[in-house]
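**Q** If you read the protein sequences in the order shown, they are chains A and B. Just so it is clear: in the first sequence, position 25 is 25 by the working numbering, and no numbers are missing. Just so it is clear: in the second sequence, position 96 is 283 by the working numbering, and no numbers are missing.
Some clues are possibly wrong.
What the hints assert, rightly or not - Okay, derived cross-link-like pairs now, DSSO-like style, lysine-lysine, Cα gap no bigger than 30 Å in a straight line:
1) K294/B to K252/B
2) K9/A to K305/B
3) K305/B to K116/A
Since the hints were derived computationally from the structure, they do not count as laboratory data. Predicted model, so just to flag it, every value in this text is computed and none were measured.
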Amino acid sequence: MDLFATFFKIGLTHIVEGYDHLLFLLALIIVTKETKALLSVISAFTIAHSTTLILSALGIISLPPELTESLIALSIVYVALENIIRPDPKGRWIVAGSFGLIHGAGFSGHLTDILKGMLQGGNIWYPLIGFNVGIEAGQLIVIAITLPLLALVRKYNKEEVFVHEISRVIAAVGAVLLVWRAFGINS
Amino acid sequence: MLSTLLRFHSVHISYATATIYPDSVHLKVSYYKDDFTKAVDNWYEGKNSQFTPEQVKDAEAKYFKEYCRMWSGQNFTHQLIQSSCSRTDDATSLIFEAGYRSDIPIKQLTIDHRVICKEYNDQMNIMTVTGIGDTRNIIFTQSKPTAVISPN
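Pulled out of the complex, with its shape left as it was, chain A reads as follows (with noise of 0.2 Å):
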């Protein structure tokens, strides 16, 4: 296996596997009714969390984990309320992209420094590409089970019962990680 396949592996899995991010892109895509809104809102989140990765690892920023941890469980709380408040929240894309900013500064310490080393042996390019390149493709394995979904709640109208029950789950979920990271319980 090349660098290439390496991330893009690891870029998967940190998506399909890593809750939080499940928790906030399926926030954000329930209520996404169409493709162009949805194309925006899913780009502005990998290019915002891409620039923060990349930022990270060059040493540019460098934010303490319990603080990008917290705001992370914060952005999943915040979405999943303002779909039960606001049925049909106009700029998400908005919202994907700044909340991206802190999903792409909450990578482990491990792994950016994994990648500041790469940076330092002229090593970047392939691994950075390839995580970005799982991390989308992690997105549209997200898509591809919720839409089939969505459209079948659609069809029996029950859509508005579906969004805000599992909107509910969502921020109740955000709401126990916030504390639980915010107070150090975890630690």
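Got chain A; can you put chain B on it based on the hints?
**A** Here is chain B on its own, set in the frame of chain A:
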């Protein structure tokens, strides 16, 4: 259990740089601290839980020396000498620096890097090797833990 879930990471990876000189090698490698600690715990079968901080450092060094080895030609005596072990500021990584010295010029170097491979079958130990005429990336895995390099 929830605490374990919240700290879970599914990426099992380390990164190393190895610089080959005519008769020596300098190695710097970074491991996930949690994964490395688990591997040391397993190696000591949990008997290290009562160790003092100094004994813990010694145990880590012994594990590293046992599972990351290199030798030149047919001289199987591995002489990878660890010079330091440090932790990053956020305490997620353990960084080892080590050196290898050969009695004769290195014509063929074998690297055996199987740190944490017993614990996770998807562990990938990536190493960038320089000083061999070009730069080469090697990925050591559970099924492929050894590489042979012939410096130009």
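**Q** Are the Cα positions of K294/B and K252/B separated by 30 Å at most?
**A** Given pair K294/B, K252/B holds - Cα atoms ~22 Å apart, limit 30 Å.
**Q** Can the restraint linking K9/A and K305/B be considered satisfied, given a maximum Cα separation of 30 Å?
**A** Holds - the C-alpha atoms of K305/B and K9/A are around 20 Å apart, at most 30 Å.
**Q** Does the alpha-carbon distance linking K305/B and K116/A stay inside the 30 Å limit?
**A** The given pair, whose Cα atoms are some 27 Å apart, holds under the 30 Å limit.
Of the hints listed earlier, there is not a single one the structure fails to meet.
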